[in-house]
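Heads up: the protein sequence lines correspond to chains A and U, in order. Using this note's numbering, the first residue of the first sequence is number 60, and each one after it goes up by one. Using this note's numbering, the first residue of the second sequence is number -2, and each one after it goes up by one.
Just so you know, not all the hints are guaranteed correct.
Derived lysine-lysine pairs resembling DSBU-like cross-links, with alpha carbons at most 30 Å apart [stated by the list, open to error]:
id, chain 1, residue 1, chain 2, residue 2
1, A, Lys112, A, Lys72
2, A, Lys83, A, Lys95
3, A, Lys98, U, Lys126
4, U, Lys104, U, Lys7
5, A, Lys100, U, Lys104
6, U, Lys37, U, Lys126
7, A, Lys95, A, Lys72
8, A, Lys98, U, Lys104
9, A, Lys98, A, Lys126
10, U, Lys118, U, Lys104
11, A, Lys95, A, Lys112
12, A, Lys100, A, Lys72
13, A, Lys72, A, Lys126
14, U, Lys163, A, Lys95
15, A, Lys83, A, Lys98
16, U, Lys98, U, Lys163
17, A, Lys112, A, Lys98
18, A, Lys100, U, Lys163
19, A, Lys98, U, Lys98
20, U, Lys7, U, Lys98
21, U, Lys163, A, Lys126
22, A, Lys95, U, Lys98
23, U, Lys88, U, Lys98
24, U, Lys163, U, Lys7
25, A, Lys74, A, Lys95
26, U, Lys88, A, Lys100
27, U, Lys163, U, Lys104
28, A, Lys74, A, Lys112
29, A, Lys98, U, Lys88
30, A, Lys100, A, Lys126
31, A, Lys100, U, Lys98
Read the hints as simulated data drawn from the structure, not as lab findings.
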Amino acid sequence: MPIIVNLDVMMAKRKMSLNELSEKVDLTLSNLSILKTGKAKAIRFSTLEAICKALDCQPADLLEYVKE
Amino acid sequence: MKSKNPVLFKVMQVLCWIVFIGCTVQTGIILFSLIFSLIKPAYTNRLMYGADLLSLRNYDVTYYIIMYSLLTILCGLRALMFYFVLNLFLKINLVNPFSEKVGAIIKNIGAMALLVGLLAKVMGGTMQKLANDGVNLNLLAENTSHGSDYLFFAGILFVISMVFAKGIELQSENELTI
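Modelling step: build the complete structure from the supplied sequences, incorporating the hints.
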């Protein structure tokens, strides 16, 4: 998929585990896992906002476009 | 409406069970009657439901076997169709209804309805020809008179299965939307 989610990179930079992030953004572990493994088809702005707030980063830090 | 739906659902499920059992029993009776009438031709005028197929048998034994066999197949296909409908009731999840399994079952029901409709039409055409030759076919006529209804049902189910396929696509996309 051309859009890559660098959630694990940001989580490592902020030294945050998946459990912690899931509590902060109020998402289930399975949903976060879907996002982390690149299986998600879409992300809501509200979710993106919550993750950026929790990880103190910009959307561009999380999402990357790679040509196929 | 929220509390009525589960009740209606259960009622429909029970009705489908009754119809499925009825169709299966009917298929069994017709199959048994066919075999019995071939072994004991004397009873051809006293088959199940008081049917008299003696005139067809006297006209042509081959036609008799073919038409009676087709009738058995028709009843069997109807029973199979109701089996799929029962499967649908058992497998459908009303919270997330759009699944591949349910989509496949709906397609199967449509295919069965199409087969039943086509078979009934073919038998109806043959019976018309036999009736013109003076053969009495009351039992067959009763069971093959609704071919158009089944074809209409198959058409509706085809449209529903297309809508369902789109629903599956939308639901899976929604499930993978975080």
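Pair hint outcome, A/Lys98 versus U/Lys126 [Cα-Cα no greater than 30 Å]: 61 Å, violated
Decide if the proposed pair is consistent with the structure: U/Lys104 and U/Lys7, CA atoms, cutoff 30 Å inclusive. 23 Å, holds
Is it true that the CA of A/Lys100 sits at most 30 Å from the CA of A/Lys72? The hint holds at about 25 Å.
Taking only the CA atoms, is the gap from U/Lys163 to U/Lys7 under or equal to 30 Å? Within the cut-off at roughly 27 Å; holds.
Given the hinted pair A/Lys95 and A/Lys112, is their alpha-carbon gap at most 30 Å? 17 Å, holds
Would you mind confirming whether the straight-line C-alpha gap from A/Lys112 to A/Lys98 stays at or under 30 Å? 22 Å, holds
CA of U/Lys163 to CA of U/Lys104, is that 30 Å or under? Holds - the C-alpha atoms of U/Lys104 and U/Lys163 are around 14 Å apart, at most 30 Å.
Check the hint pairing A/Lys100 with U/Lys98 against an upper bound of 30 Å on the C-alpha distance. 22 Å, holds
Given the hint that A/Lys100 pairs with U/Lys163, does the C-alpha gap stay at or below 30 Å? Given that 30 Å is the threshold and the Cα spacing comes to 16 Å, the pair holds.
Distance restraint between A/Lys83 and A/Lys98, which requires alpha-carbon spacing of 30 Å or less: 21 Å, holds
Against the 30 Å threshold, does the CA-CA distance of U/Lys88 and U/Lys98 hold or violate the hint? 8 Å, holds
Pair hint A/Lys98 and U/Lys104, alpha-carbon separation not exceeding 30 Å: 29 Å, holds
In this structure, only the earlier hint numbered 3 is contradicted, and the remaining ones agree with it.
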